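Line by line, the protein sequences give chains F and Z. For the first sequence, the UniProt record's numbering gives the first residue as 1, with consecutive numbering after it. For the second sequence, the UniProt record's numbering gives the first residue as 1, with consecutive numbering after it.
Simulated from the structure, these hints should not be mistaken for lab results. These numbers come from a predicted model, not from an experiment.
Quick list of in silico lysine-lysine cross-link-like pairs, DSBU-like style, CA-CA up to 35 Å: (1) K812/Z - K594/Z; (2) K594/Z - K419/F; (3) K382/Z - K704/Z; (4) K419/F - K354/Z; (5) K566/F - K594/Z; (6) K239/F - K354/Z; (7) K43/F - K31/F; (8) K823/Z - K812/Z; (9) K704/Z - K239/F; (10) K61/F - K43/F; (11) K471/Z - K555/F; (12) K735/Z - K768/Z; (13) K812/Z - K874/Z; (14) K735/Z - K812/Z; (15) K419/F - K704/Z; (16) K594/Z - K778/Z; (17) K822/Z - K735/Z; (18) K853/Z - K835/Z; (19) K10/F - K31/F; (20) K419/F - K382/Z.
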Amino acid sequence: MPSSHDWINKPLGVVEAMFAQSNSNPEWEAKVLEYFKGQLREKESHSWVPSLNDVPLHYLKPNSLVKFRCLVQDMFDPEFYMGVYETVDPSTKANVLRCGKYKDVTECGVDLNSRNTVTAERQTFYCVPIPGESPWAKESYGCSSQARVVPSTSYVPSRQKRSYEEDDDDMDTQPQKQREPHTEPHGNGDSKRQETEAPSSQTTAPSDCSSHLDLNFPLPGERGPACLVKVYEGLDSFKLNDTLEIYGILSVNPVLTVLGEEKDPSLLLLNPTESMETPEEQRAHDPPASLVPRLHMLYARPLQHNNPLLPSAPTEDQSAFVSSFLVEMASVRAELLAYLTHVLLGDGLAAEYLLLHLISNVYTRRDVLPLGKFTLNLSGCPLNSYTERLYQIVQQLVPCSYRLSMSLHTMNSMRLVPKKDYVANRLVSGALQLARNTSLFLDETQLEQGQLDSSGVRNITALGNLISWQKVDYDFSYHQMEFPCNINVLVTSEGRSLLPSDCQVPLQPQVTPPNMEEYLTTIHMAQFTSQINKFRVYLSLARTLDYSISDEVTKAVEDDFVDMRKDDPQSVTAEDLHRMLVVARLLSLSLGQTTLSRDGWMRAKHIDMLRRSRTEQQKSLNGNEP
Amino acid sequence: MSSPTSTPGRRKRNRDDIPATPKSTAKGSDDGLVSPPSQRRRGQDSSNGDLRAMPTSPATDIASPAVHDTSLFSSPRLNVFSVLPSEVDMSSPLMYGTPSSRVEGTPRSGVGGTPARQRPDLGSIRKAPQVDLHSDADGAVASEQALGQKLVIWGTDVNVGTCKEKFQRFLQRFIDPTSNEDENAGLDLNEPLYMQKLEEISVVGEPVLNVNCSHVQSFDADLYRQLISYPQEVIPTFDMAVNELFFERFPDSILEHQIQVRPYNALKTRNMRSLNPEDIDQMITISGMVIRTSQLIPEMQEAFFQCQVCAFSTCVEVDRGRIAEPAVCRNCNTTHSLALIHNRSAFSDKQMIKVQESPDDMPAGQTPHTTIVYAHNDLVDKVQPGDRINITENGPIVVTKLLNSPTGIYRAVPMRENPRQSNVKSVYKTHIDVIHFRKTDEKRLHGLDEDSDQKLFTEERVQILKELASKPDVYDRLSSALAPSIYEHEDIKKGILLQLFGGTRKDFSQTGRGNFRAEVNILLCGDPGTSKSQLLQYVFNLVPRGQYTSGKGSSAVGLTAYVMKDPETKQLVLQTGALVLSDNGICCIDEFDKMSDSTRSVLHEVMEQQTLSIAKAGIICQLNARTSVLAAANPVESQWNPKKTTIENIQLPHTLLSRFDLIFLMLDPQDEAYDRRLAHHLVALYYQSEEQIEEEFLDMAVLKDYIAYARTYINPRLNEEASQALIEAYVDMRKIGSGRGMVSAYPRQLESLIRLAEAHAKVRFSDKVETIDVEEAKRLHREALKQSATDPRTGFVDISIITTGMSATARKRKEEVAQALKKMIQSKGKTPAMKYQQLFDDLRGQSEAAITKDMFEEALRALADEDYLTVTGKTVRLL
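Please construct the entire structure, taking both the sequences and the accompanying hints into account.
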């Protein structure tokens, strides 16, 4: 590690130096970006940058370089700012050109009428941590960080599970430990001062502020910093719900807040026309910087996946990693299958399908049709918190997941679809605003009889749309806007689910453990972390592999289909072919094969047949019931 | 001059037009005699000492710069900049002052007699560029270079005189023989257009002159450029020019206030997304949709102060949102004795409007942008939120202020010493001052297709489209490009394609019939899992104004419109539903059969009259809902029962069914060759790369443009042969059934045929409906009819299944039962009342055919209709 990282600690210094050298040649902007990109490209250098995700805000130094792993939740209107401005020193009357980029606040003594003022444009994105990120992923990210500002790596992730009281206890003991490693590298009083303030803000921030300031997280109960990211370049390349790793300059200038609050009463009376923004809008767009820090983006990396165990960037590293893992693929698959079979009470077929479901991915769209989605409906799930346990196990395997308990109350009261709030001028998030490849676990066993009200019906419709078209229609009140998504939906139900699904598998437990909880816990405990990690890597990797079908196999598949139709035209439809093609694809990928072989096709056909016979059996069974 | 305190004084002066205070008079003379240091801005070094900088002096009245300029410097060197940077000029020589100042300022009596009206839309809160008095100390040499050069408004290249002259010339000479704007209806196209408009103003008395910028551009490109770049300076000049011209011509006319010029259709039309800092203070046109309007804000223009001691009164103009309250009474010298008298102050109307990008202009995956717009004076309340929805407005973007406080820099400037205020947030707030609104809805009320000015096609694009249209198989090509992921169902795709194009709009309002429906309605019904929803989704994604609803999830309210209390204004607001929103588009309704009856009943009006009447919460209105309906329905028994008619299979009221032009069945054909093709199609779907797909099919974007172009520009009319063919077709259709006492066509079917034929002509980009179009319409109609209107009992096509809900045979049987019942009752002799159940049993015993309870009830009803009997509860009484 190099001894000093000015580009991390004082990035604005770097920017300003480049600006000063440039003599207002606009190329300096590109140079700045190039510089930071170059620095970050260096091996491991990105891990030295402290992350907003792991480190509480008050441990971070203002105006330093930080990174933030996040989801673009909302995009605000573009704003014009002073890109270059001139200041006048009151004593010497000297004019100095200054750069306003990457800053919220100008220096003293701005000459507002200077002709050298350059107005530039930037846009603000409202970013939240990736919703539903599993604890293990958070922890793992935290561990891999080498940023020295981090007080103790174990501290942050553990917060997730602790209650407030415990937190407070920790605060008493931990700052001592943290203080030495933390303040030392900076060696300036500034950060020390912040440090001492920390405990108080720690206790107040989550409890108090969240009550009057809605941070607009998609999922209820989420915690973590939300961030206003100021974007300067490539505005069009970002989309809503993109997952990004943003490197930028942290700005928590208290001026941002003070000025905002000062506004209200008297001045509004003085000049009502100036109140272009409603108080709600101000609250949404200019929240206190201590709660919602500003981040001036220097560089953003779109995250292809959110698995800390995989190399992040598509570099040589990664291809080497992939090819080395491909060898192991089959064996890991077998182990994972065995594990899942245990979890699913000995039902091997269901385990197979669950595995396929976990690696499914919408890989392309043909006009409106999403291809590759594989929504699984596990019916016949035992009641009594089995589904909850099952979710916990899924959560252990995938980086992002969310369990939506479909009780009548939640369906009626919960906001699933994001809605534009025109008063506050922001997009109010909903539980379906999720990052790509998030596992959505719909627990239908929680549903009881009763009446759905209109919002409940809307929510069910939204879930249906999500499953069938992999899109969510955001509510813009005067019109709807469609946002495509890529979410793996797993529905657990007692009988057949009321939601559509690509594939229904009735669970047939082979074992009936007297104590379900104990049973599942022991299975879970029996796995070593290294083993679980392998599973995690496997699931993320299998999803990213390429896939093709040769002409020869195409022909065979066609023939097969025609034959099947000939035998029984009623039961084999186009939809079945759709499904079998997806199953074949996932099955091949799960084995690490990137082309469909005849064998693969036969296997897909075989397991699909097994599954169908099982559903039919179920049907006739139900039919015979009195 | 060099003291900073002079700045406010001078600024004030230019507002007043006349040097009011001795201080500023002195300054004015300074200007004349000594070159002000502030004129040194651009550091030219030509040292010709013309010190008479008077034309630029803002203190001069409006007319004079023109006179001087033209007389002294007649050489037309307009592009030579001479920058005369007195802080005064920001828009102001032209800015209308108070009415009193105007009277003196204008030489002509006619103009003088009419009060000017302030134009807050041009400079309401604009930040005046202040001259930095410290930096240009060396400026004494400066202003000399002005000699022999055109004098222009500072910071621009606008010469007031030339500009005025040019605009007057434009008004007097501009002729647009090709004009087809509806606004110009009734004007003689070969006479100067705007002179006629002035005449209109003198008659009507509405002192607003709308000027199409493209006219200005075609007349004088340079003038247009100035207008776009310096609207704040140029538009007042235009105002002046118009007023001079007007009062010269109509010296006796009396107007409420002086004429204001409202330019519109600036070619620099911007998508809201592409606004950038360069557009600040320029004139632009953007389009969007109104999402919120504020209540009316009275904005003070002139504050009236009265001294509490001596009752001396004085007026202070509002300067950029602030009132400089006079501290000392000038009459009695008492300090702080002046009080603001509200009801003697002058106010102007102002309204804040939030405009959101229209969904069509947006890149996928991003959220729409919003912009704040201020409307002034009579533009207030011209638009409503949720108003449908494309409004174009022009206006300079004006940077109002820095963000640090609502009063922005105005407060920050005097408080510079205060360290707390010294650093400001470096963000500007922007808004747009509206000069002109252009509602697209208004035009649509006239029945014109409004897409014309929104969707502009480039030459090359049109070329591509025309080339495509000239291909003989364009119809097949387009239909196969439609939803390529859905296999086969060629006829259905063709039907939907024709629906996308629609018929020609006809207006029969003169003859009292109103509008004819031009939209084609289609119903798809069939087995579940035959990708009906997918087709609907595709169409919904293809058309710009599509709506997708599910019959299960929508209520009548959601489809039509509902009244909502606006949380902000507490006013009742009409919110439009899916049908109204898809006006001019397609409303896709899935699960049509699951819709409740009350909801469906709403559709009756929409699907034939194309309007929607609402009487709710005191709001009574009729909204346009010229939407095509594409509906999908599942059979009642989940599987299609081939032994039943369409009506029986989907259980929809026939009144509604007859409003569909085409009803298609989507059934699983079940044959081997089909299966093979299907399998191939599906497998290909899963592994073909994007490029391969693109080779095979037309690009969706091309298809979109093709449809938009045809809808906009092609309005086919029937030619003679086609009309004959249609008549024949209709007669034939009537004939088919007449032999068996059935009618297989009604006028509605003829209308459908016409629409389909027109749509097919549109597909070919043909302005005439020819026989081939009729042939295809006939074929498609027959195809759909064959599928849906076949009486399963007889196997014949019978349109009465759709129009009356019953096939002719069924109707005949119903009559027979009724007659048998009547006979039976008559045979019983004079019994005034009978038991219901007993009668039923008797009838069953008598009849050889099985009679269900339904049939019995139907027969009873038929007899009741004849006034033969009444049914009350369980007894049947004879009348």
